[in-house]
Amino acid sequence: DVKVTQSSRYLVKRTGEKVFLECVQDMDHENMFWYRQDPGLGLRLIYFSYDVKMKEKGDIPEGYSVSREKKERFSLILESASTNQTSMYLCASSLWGGMNTEAFFGQGTRLTVV
Amino acid sequence: GNSVTQMEGPVTLSEEAFLTINCTYTATGYPSLFWYVQYPGEGLQLLLKATKADDKGSNKGFEATYRKETTSFHLEKGSVQVSDSAVYFCALSDNTGNQFYFGTGTSLTVIP
Chain F
1 DVKVTQSSRY LVKRTGEKVF LECVQDMDHE NMFWYRQDPG LGLRLIYFSY
51 DVKMKEKGDI PEGYSVSREK KERFSLILES ASTNQTSMYL CASSLWGGMN
101 TEAFFGQGTR LTVV
Chain H
1 GNSVTQMEGP VTLSEEAFLT INCTYTATGY PSLFWYVQYP GEGLQLLLKA
51 TKADDKGSNK GFEATYRKET TSFHLEKGSV QVSDSAVYFC ALSDNTGNQF
101 YFGTGTSLTV IP
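Top line first, the protein sequences correspond to chains F and H.
Numbers 1 to 114, taken from this note's numbering, label the letters of the first sequence in order.
Numbers 1 to 112, taken from this note's numbering, label the letters of the second sequence in order.
Hints are supplied without guarantee of correctness; some may be wrong.
[To be verified] To spell it out: a stretch of chain F is covered by chain H in this simulated footprint if at least three of its residues, at any positions, have a beta carbon under 8 Å from a beta carbon of chain H; those stretches are:
1) 38-50
2) 96-102
[As the list claims (entries may be wrong)] Residues from chain F that face chain H, not an exhaustive set, calculated with beta carbons under 10 Å:
3) V4
4) S8
5) N31
6) F33
7) Y35
8) Y64
9) K71
10) N84
11) M88
12) L90
13) A92
14) G106
15) G108
[Stated by the list, open to error] Dumping the calculated EDC-like pairs for lysine to aspartate or glutamate here, alpha-carbon to alpha-carbon at most 20 Å:
16) F/K57 to H/D94
17) F/K3 to F/D38
18) F/K55 to H/E69
Derived by calculation from the structure, the hints in this document are not laboratory data.
Each residue gets a CB set at the ideal place from its N, CA and C atoms; glycine is no exception.
Using the sequences plus the hints, can you model the full thing?
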């Protein structure tokens, strides 16, 4: 069974902390994505990556960075957490150029910044 | 550009009622279309998909038909169950297959 695994289901962090959210996929997918999900706003793309060491900004990259050192792992970094980054974070992966294929999602990380 | 518009929620139905959640899209080229479902506290799971015009995707009693002439992909189920309570997202992939665009989600609650 294909899998996208996020390292934590729930996290509570303090304002100003550096926060790492980890995502691993076992499908040998080239594409990986980080979204945040907020009520009434749906999914908003933070960053994505098409290959190792490659990253592209999505719609809301401010306050975030990413790292992709290995094909299977894509990390989201909150450099200095703030309360407005309290949200549900979703990682996804897909085949590069997979015209008829879907994105596969992890179970989500609910982050609370206090 | 590419975008997805879906019916605002929340939707509340009685068990065994008929469900329709509307979804329309704007896209260049020939996108693939998807419906995802999200159960409370979980990530998104693919419910069904359609990859070309007039295709019908189906799964677990849910259906949606890719209508290019009306740029729509409405989700339907003939008889909903309490276990169908979830948030439903309509989505498309662009003509490279490398980007996905999601609607804002429709929350469905089914009451016994």
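So, going through the hints one by one against the coordinates:
no.: 1; hint: 38-50; result: holds (count 6)
no.: 2; hint: 96-102; result: holds (count 7)
no.: 3; hint: V4; result: 8 Å, holds
no.: 4; hint: S8; result: 13 Å, violated
no.: 5; hint: N31; result: 6 Å, holds
no.: 6; hint: F33; result: 7 Å, holds
no.: 7; hint: Y35; result: 8 Å, holds
no.: 8; hint: Y64; result: 18 Å, violated
no.: 9; hint: K71; result: 15 Å, violated
no.: 10; hint: N84; result: 19 Å, violated
no.: 11; hint: M88; result: 9 Å, holds
no.: 12; hint: L90; result: 6 Å, holds
no.: 13; hint: A92; result: 8 Å, holds
no.: 14; hint: G106; result: 5 Å, holds
no.: 15; hint: G108; result: 5 Å, holds
no.: 16; hint: F/K57 to H/D94; result: 17 Å, holds
no.: 17; hint: F/K3 to F/D38; result: 24 Å, violated
no.: 18; hint: F/K55 to H/E69; result: 36 Å, violated
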